[in-house]
Amino acid sequence: MSAVWLTGLGAAALLAGLAIYLAPLEPGILALQLAFTPQAFARIIHVWPPDHLARYRAHLPVDGLLLLAYGAFGFLLSTRTALFSASRAGLGRLAAWTLPFAAAFDALENISHAWLTAAPRLGVPLAYAVSASASAAKWTLLLVFGGLVIHGLLARVKA
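Numbering (my numbering), first residue to last: 1234 to 1392.
The set of hints was computed from the structure by calculation and includes no laboratory data. Computed from a prediction, not measured in an experiment: that's the story for all the values here. Just so you know, not all the hints are guaranteed correct.
[Said to hold, decoys possible] No more than 20 Å apart at the CA atoms, straight line, and that leaves these computed lysine to any residue pairs for SDA-like: (1) Lys1391 - Gly1325; (2) Lys1391 - Ala1315; (3) Lys1391 - Gly1323; (4) Lys1391 - Gly1379; (5) Lys1391 - Leu1375.
[Unchecked claim] Restraint-style ranges between C-beta atoms, simulated for each label pair: (6) Val1390 - Arg1288: 19 to 29 Å; (7) Ala1352 - Ala1315: 49 to 59 Å; (8) Ala1352 - Leu1327: 31 to 41 Å; (9) Asp1284 - Gly1380: 30 to 40 Å; (10) Ser1318 - His1279: 47 to 57 Å; (11) Leu1239 - Ser1318: 36 to 46 Å; (12) Pro1257 - Ala1347: 38 to 48 Å; (13) Val1280 - Ala1362: 15 to 25 Å; (14) Ala1347 - Ala1246: 19 to 29 Å; (15) Pro1283 - Ser1318: 47 to 57 Å.
Don't be surprised by glycine CBs; every beta carbon is placed ideally from N, CA and C.
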């Protein structure tokens, strides 16, 4: 099995498993990821019962595996397949680094959330802003990669 398939299927399996595991959390994790202030963050985690906060914290190491898998998948898909061969070379290089950078921002978000959920830390608003900014950057890069893949597929159809 090629590394592209292995990392892609691994990322998909981890994502599906985490989605199921985190489904009971309401509000969902996207709201927590984009909580730019201590107050917004606290409004979410104080709604969660203690077992939901524990569930969220327990998912972080597995999310670390997910970010490694999707970062590697994006790089390998962009560099070891012909997906971007019909596109300009710059788009392939951009695509190659989009998911690894998204994974780096995801890692920063995970480290921040591990620290921010360990104990109340309302006195450090910059930490919440940095964490949410990392999450916003991650989601933006994930969307950019999706757009680049669609562009690559359309360019191959036209070629």
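These are the hints, each one checked on the structure:
Annotation: proposed proximity of Lys1391 to Gly1325 holds, straight-line Cα distance about 17 Å (limit 20 Å). With a C-alpha separation of about 14 Å, the suggested pair Lys1391 and Ala1315 falls inside the 20 Å cut-off, and the hint holds. The hinted pair formed by Lys1391 and Gly1323 meets the criterion: a straight-line CA distance of about 18 Å does not exceed 20 Å. For a cut-off of 20 Å, the pair hint linking Lys1391 to Gly1379 stands: about 19 Å separates their Cα positions.
Proposed proximity of Lys1391 and Leu1375 is contradicted: the alpha carbons are some 25 Å apart, above 20 Å. A hinted range of 19 to 29 Å for the beta carbons of Val1390 and Arg1288 is inconsistent with their spacing of about 43 Å. The hint said 49 to 59 Å for the Cβ distance between Ala1352 and Ala1315, and at roughly 50 Å that hint holds. Between Ala1352 and Leu1327 the C-beta distance comes to about 40 Å, which sits within the given range of 31 to 41 Å.
Between Asp1284 and Gly1380 the CB atoms are about 38 Å apart, so this pair conforms to the stated range of 30 to 40 Å. Restraint check, Ser1318 to His1279: a C-beta distance of roughly 51 Å satisfies the suggested window 47 to 57 Å. Look at Leu1239 against Ser1318: about 22 Å separates their beta carbons, and that is not inside 36 to 46 Å. Remark: the range hint 38 to 48 Å for Pro1257 to Ala1347 is contradicted by a beta-carbon distance near 20 Å.
At about 21 Å, the CB distance of Val1280 to Ala1362 agrees with the hint of 15 to 25 Å. The hint said 19 to 29 Å for the Cβ distance between Ala1347 and Ala1246, and at roughly 23 Å that hint holds. Taking the beta carbon of each, Pro1283 and Ser1318 are about 52 Å apart, inside 47 to 57 Å as hinted.
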